[in-house]
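Construct the complete structure from the given sequences, taking the supplied hints into account.
Using our numbering, read the sequence shown as starting at 61 and increasing by one per residue.
Be aware that a few hints might be false.
[As the list claims (entries may be wrong)] Within a straight-line C-alpha distance of at most 25 Å, the following computed BS3-like cross-link-like pairs (lysine-lysine) qualify:
(1) K105 with K88
(2) K181 with K152
(3) K150 with K181
(4) K152 with K88
(5) K88 with K150
(6) K105 with K72
(7) K181 with K88
(8) K152 with K279
(9) K150 with K252
(10) K181 with K105
(11) K150 with K105
Just so you know, the hints here were simulated from the structure itself, not pulled from any lab data.
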Amino acid sequence: MIEILSPAELLKAQAAGELVGTILARLKSECAVGTNLLEIDRRTKAMIEQAGAVSCYVDYAPSFGRGPFGHYICTAVNDAVLHGKPHNYKLKNGDLLTLDLAVTLNGISADAAISFIIGDKQDPADQRMIDATEAALAAGIQAAQPGARIGDISYAIGGVLSAAGYRINLEYGGHGIGSTMHQDPHISNNGKPGRGYVLQPGLLLAIEPWVMKDTNRLKIDADGWTLRSATGARTAHTEHTIAVTEDGPQILTLPAP
Numbered sequence: 061m062i063e064i065l066s067p068a069e070l071l072k073a074q075a076a077g078e079l080v081g082t083i084l085a086r087l088k089s090e091c092a093v094g095t096n097l098l099e100i101d102r103r104t105k106a107m108i109e110q111a112g113a114v115s116c117y118v119d120y121a122p123s124f125g126r127g128p129f130g131h132y133i134c135t136a137v138n139d140a141v142l143h144g145k146p147h148n149y150k151l152k153n154g155d156l157l158t159l160d161l162a163v164t165l166n167g168i169s170a171d172a173a174i175s176f177i178i179g180d181k182q183d184p185a186d187q188r189m190i191d192a193t194e195a196a197l198a199a200g201i202q203a204a205q206p207g208a209r210i211g212d213i214s215y216a217i218g219g220v221l222s223a224a225g226y227r228i229n230l231e232y233g234g235h236g237i238g239s240t241m242h243q244d245p246h247i248s249n250n251g252k253p254g255r256g257y258v259l260q261p262g263l264l265l266a267i268e269p270w271v272m273k274d275t276n277r278l279k280i281d282a283d284g285w286t287l288r289s290a291t292g293a294r295t296a297h298t299e300h301t302i303a304v305t306e307d308g309p310q311i312l313t314l315p316a317p
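Here's what the structure looks like:
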């Protein structure tokens with residue numbers, strides 16, 4: 061299903077996106093050495109409920125997971141990159157943490173992810189990887205112009221990631237979003253320009269470049285959800301929900317001023 065939102069629905073999408081961005085920014089400011097992943101999950105639940113929103117994850121049970129997910133946020137540490145299930149783990153100095161959050165507010169969903177390093181023990185290679193995903197995201201967003209195609213976004217993302225020296229996994233990528241979290245069209249993190257669905261004003265897209273330091277292969281944890289690099293290498297993941305408008309792409313998942 062591909063949804064094209066009305067102007068009234070786009071206003072709701074803006075509110076949902078701002079909530080996601082604001083929660084992620086607050087969580088990032090609170091995360092420190094010793095913070096427990098389960099506490100991050102509890103804080104996320106409290107902020108979602110305080111805003112009158114609904115988690116997209118708690119009851120999420122797709123074919124690829126061992127569901128339902130049962131938590132309010134994805135917390136992926138170091139070699140984990142996608143669908144990181146919160147568990148009893150205290151963050152350590154130098155950990156690379158990815159927070160991935162999706163909520164529904166007033167019937168419209170928004171989805172975003174951030175990666176950052178905990179504490180002051182920072183490996184430059186980790187920061188380069190984070191920077192590469194952020195640059196790829198910016199390129200993908202810029203390519204999301206009305207009348208462009210999904211393949212143009214994929215090509216822009218893949219060009220940045222490949223130039224930075226990373227191999228690209230094509231199993232998981234971005235997606236359409238609207239009244240539900242995961243919709244068509246799928247947005248691969250590499251592809252050929254000029255192919256795929258034509259972007260129309262009113263379309264919402266969650267664009268999410270992610271990489272692993274030295275591989276493009278994944279393995280899955282015993283929890284049935286958490287995806288890790290097959291080599292144990294570190295990972296990074298960055299995501300925004302955007303709206304395609306007549307004036308170009310609009311990022312929705314920025315924190316409130």
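Here is what the structure says about each hint:
1. Distance restraint check for K105 and K88: the Cα-Cα separation of roughly 15 Å lies within the 25 Å cut-off, and the hinted pair is therefore satisfied.
2. Between the alpha carbons of K181 and K152 the distance comes to roughly 9 Å, so the proposed pair stays at or under 25 Å and holds.
3. At most 25 Å may separate the alpha-carbon atoms for a hinted pair to count; K150 and K181 meet this at roughly 16 Å.
4. Simply put, K152 and K88 have alpha-carbon atoms about 14 Å apart, close enough for the 25 Å limit, and the pair holds.
5. Simply put, K88 and K150 have alpha-carbon atoms about 15 Å apart, close enough for the 25 Å limit, and the pair holds.
6. Our distance criterion of 25 Å between C-alpha atoms is met by K105 and K72, whose separation comes to about 20 Å.
7. As the CA atoms of K181 and K88 are separated by approximately 16 Å, the hinted pair is consistent with the 25 Å bound.
8. A hinted pair counts as satisfied when its Cα atoms are at most 25 Å apart, and K152 with K279 qualifies at roughly 23 Å.
9. Between the alpha carbons of K150 and K252 the distance comes to roughly 42 Å, so the proposed pair goes past 25 Å and is violated.
10. The suggested pairing of K181 with K105 is violated, with an alpha-carbon distance near 29 Å, which exceeds 25 Å.
11. Restraint check for K150 and K105: satisfied, since their Cα atoms lie roughly 18 Å apart, inside the 25 Å limit.
Of the numbered hints stated above, those contradicted by the structure are hints 9 and 10, listed in ascending order.
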